[in-house]
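K.L.:
Using the sequences and the hints, build the whole thing.
Going line by line, the protein sequences match chains A and B. Counting in my numbering, the first sequence runs from 1 upward without gaps. Counting in my numbering, the second sequence runs from 1 upward without gaps.
One should not assume that every hint holds.
[What the hints assert, rightly or not] Facing chain B, according to a computed beta carbon distance under 8 Å, are these residues of chain A, among others: (1) L58; (2) G90; (3) D99; (4) T102; (5) S103; (6) L104; (7) P106; (8) A120; (9) M168; (10) Y245.
[Claimed, not checked] As a list, the in silico PhoX-like pairs of lysine-lysine whose alpha-carbon atoms are at most 20 Å apart: (11) A:K126 - A:K109; (12) B:K45 - B:K56; (13) A:K82 - A:K62; (14) A:K92 - A:K82; (15) B:K240 - A:K126; (16) B:K240 - A:K82; (17) B:K45 - A:K109; (18) A:K257 - A:K325; (19) A:K127 - A:K109.
[Unchecked claim] To list a few chain B residues with every Cβ distance to chain A over 12 Å, as calculated: (20) M1; (21) R8; (22) P31; (23) E50; (24) V52; (25) N190; (26) D222; (27) N233; (28) I313.
These are computed hints drawn from the structure, not numbers from a lab. Positions of the beta carbon are idealized from the N, C-alpha and C atoms, including for glycine.
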Amino acid sequence: MPEPLLEVKNLRVHFPTEDGIVKAVDGVSFAIQPGETLGVVGESGSGKSVSFLTVMGLINRKSAIVEGEVIFQGQDLLNVPKEELQAIRGNKIGMIFQDPMTSLHPFYKVGDQIAETILAHEDISKKEAGTRAVDMLRRVGIPRPDERARQYPHEFSGGMRQRAMIAMALSLNPDLLIADEPTTALDVTVQAQILDLIDRLQSEFNTAVALITHDLGVVAEHCDYIQVMYAGRLVEVGTADDIYYQPMMPYTWGLLKSIPLLTAQEERLQPIRGLPPSLIHVPEGCPFNPRCPYVFDRCRVETPQLLPVDGFHAAACHLSLEDRKRIVEQEVLERT
Amino acid sequence: MLRYIIRRLLWVVLVLVVIVAITYSIFFLLPGGGSDAIANRFAGKQPNPEIVAEVKQQFGLDKPIYVQFYIFTRNLFLGDQYGWPGLGKSFVLRAPLKQVLVERMWVTIQLAVGAAVVWLLVGIPIGILSALRPRSIWDRAAMTFALIGISMPVFFIGPLALYVFVYKWHILPGSGYSPIGEDGLWQWFNHFILPWCVLALLYAAFYARLSRANLLDVMGEDYMRTARAKGLNERQVIVKHGLRSSLTPLVTVFGLDLAGLLAGAVITETVFNLPGLGQYAVRSVFSLDLYAILDVTIIAAFFVTLANLVVDIVYAFLDPRVRYT
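P.N.:
Spelled out as structure tokens, the structure:
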């Protein structure tokens, strides 16, 4: 394998609070290769956003204990000086967020906000930056971009704002784009447009993408690799095909079963029962054991490790591979 | 925008008419008020009916109240024999009020604007620094100061300041007003510095708390995270993205605070013996000087309504989401 673009090694992000330590991310390791798309899937509170905010250095280090390594292009981002991190943010790594309604500053024109990003990293005139901002708006499919650039965010619709955010994040042609639930706040029709746009720009700019989402249905066709997170840990990683056709972890099964299918006979969705665990008192053993329909004694005492299934595919589960394959055949894939 | 401003100005006129009507009613309908009571008071030590009648006629109090109200309102907007705006005559001075009011307003303006500069320069930086280091020692000290400032009334802190700086340490001249044109800039400044600071203390404390709370709020906004994710340095993030949106709401508060003071800071003017509008208002109430009271009330109402208009216009420029038609 070539040198990865981003390599996260044994990352832990713990927040000490009055009620105890919140283990938002608890020993996560993964890598992203240049140009590829990694889908990160999990429920709210599974640590997917926090791990990538940590990569960007957007976690307040005063209120969090951060351990591990975040190697980006040979540099450990957890230990670089502030100025170097600022030079990387927005320039080598772009990020877009869940809520485009509140992610743009309401007082500044959209074009100016994009130009501001360019000016933060390149020594060019304001006018040039403005022209490039308009050009970026055009590339993300905003009609009449020169007019739109002079408008304020409140004059944009939600989908248009997310396009503007993407334009801003890609304005310096970054090597990595982190998309933190980019479509969660948008209409379903707009969701598809935004994901297609990210896809198209990814090949145009040859950018690696980390697509964070809680919706397995969203990442299916857009990702090369998928990692499933639960309670701050990785519970299954694999190619998109692995995760969809050979999932090897009961939590992933639960996620797949809760995707609404147009062809499904039964009307009701099958949600994962129970709630995500408290990150202060993570259950003993496998963190998923209180909600797992296949739980047995060992799950309550021993934490399963992420073990290879075949090739790149790995899962953390105590069930034997044979059992899991059988369950997948009988209960999970029958729906699809 | 222009149409909006014109419409709002017409509202100012309407508000002023209503204010005059209310003040008039209070004055004439309240116990101890009314034409007879006023005339009696100005008719000398042993008033007899003829003198009272003469005083009434001289003051225009013999006419029915609605006629008086009409004449006053008309003069206010169209001017009287003393010029525009027609502010009437003082019963006490037996002279037109305009000259007196203008002089006193000038004193009050110097007091209010000076105090505003002090409280903005003190309060907002304290609030910002506190918000940048929440729960630090500095923050706690600053917020303690704010609490003290908010709870200390001017009539306590004013005499205290006079005692310490004037009578004990002799570093400042006593109270009173020293016009800038007569005794020079330094004397003027020395006479004003205590009233400014004393009056500003309450507001500085309030503004410190307000700007701290606003900035803390804004620091948690998504667009602040975006600004950092863009690779801006911390100074740009805070100054351009944080302060801009956290200080804009202060414009509203500031406009109304300043307007309220322009009508007279009664206690401060009294404590420091400054011949301003507030002091005059109190004096006029005690002497039942009808038109003086009306005028001060109208000036106060005028400043407040005007400030509202100015605040709304300024706000539209600062916050693009606010637009008027």
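K.L.:
Next step is simple, just say for each hint if it's right about the structure.
P.N.:
Here's how the hints hold up against the structure:
1. L58: It holds, given that the least Cβ distance between A:L58 and chain B is near 6 Å, below 8 Å.
2. G90: 3 Å, holds
3. D99: Constraint on A:D99 satisfied, holds at 6 Å.
4. T102: 4 Å, holds
5. S103: Holds, because the Cβ-Cβ distance from A:S103 to chain B comes to roughly 5 Å (cut-off 8 Å).
6. L104: Given a least distance of 6 Å, the restraint on A:L104 holds.
7. P106: 6 Å, holds
8. A120: 5 Å, holds
9. M168: Since chain B brings a Cβ to about 7 Å from A:M168, closer than 8 Å, the hint holds.
10. Y245: 35 Å, violated
11. A:K126 - A:K109: With a Cα-Cα distance of about 14 Å, the restraint between A:K126 and A:K109 holds, given a limit of 20 Å.
12. B:K45 - B:K56: 16 Å, holds
13. A:K82 - A:K62: Given pair A:K82, A:K62 holds - Cα atoms ~14 Å apart, limit 20 Å.
14. A:K92 - A:K82: 15 Å, holds
15. B:K240 - A:K126: 16 Å, holds
16. B:K240 - A:K82: Roughly 19 Å separates the two Cα atoms, so the pair holds.
17. B:K45 - A:K109: 73 Å, violated
18. A:K257 - A:K325: Measuring from Cα to Cα gives roughly 16 Å; hence the hint holds.
19. A:K127 - A:K109: Given pair A:K127, A:K109 holds - Cα atoms ~14 Å apart, limit 20 Å.
20. M1: 17 Å, holds
21. R8: 23 Å, holds
22. P31: Given a closest Cβ separation of 54 Å, the condition holds.
23. E50: Non-interface label on B:E50 holds, nearest chain A Cβ at 70 Å vs cutoff 12 Å.
24. V52: The claim holds: B:V52 sits with its nearest Cβ about 64 Å from chain A, beyond 12 Å.
25. N190: B:N190 is indeed farther than 12 Å from all Cβ atoms of chain A, at 42 Å.
26. D222: 4 Å, violated
27. N233: 6 Å, violated
28. I313: Since the minimum Cβ distance to chain A is about 17 Å, B:I313 lies beyond 12 Å and the statement holds.
This entry does not satisfy hints 10, 17, 26 and 27, going by the numbered hints stated previously.
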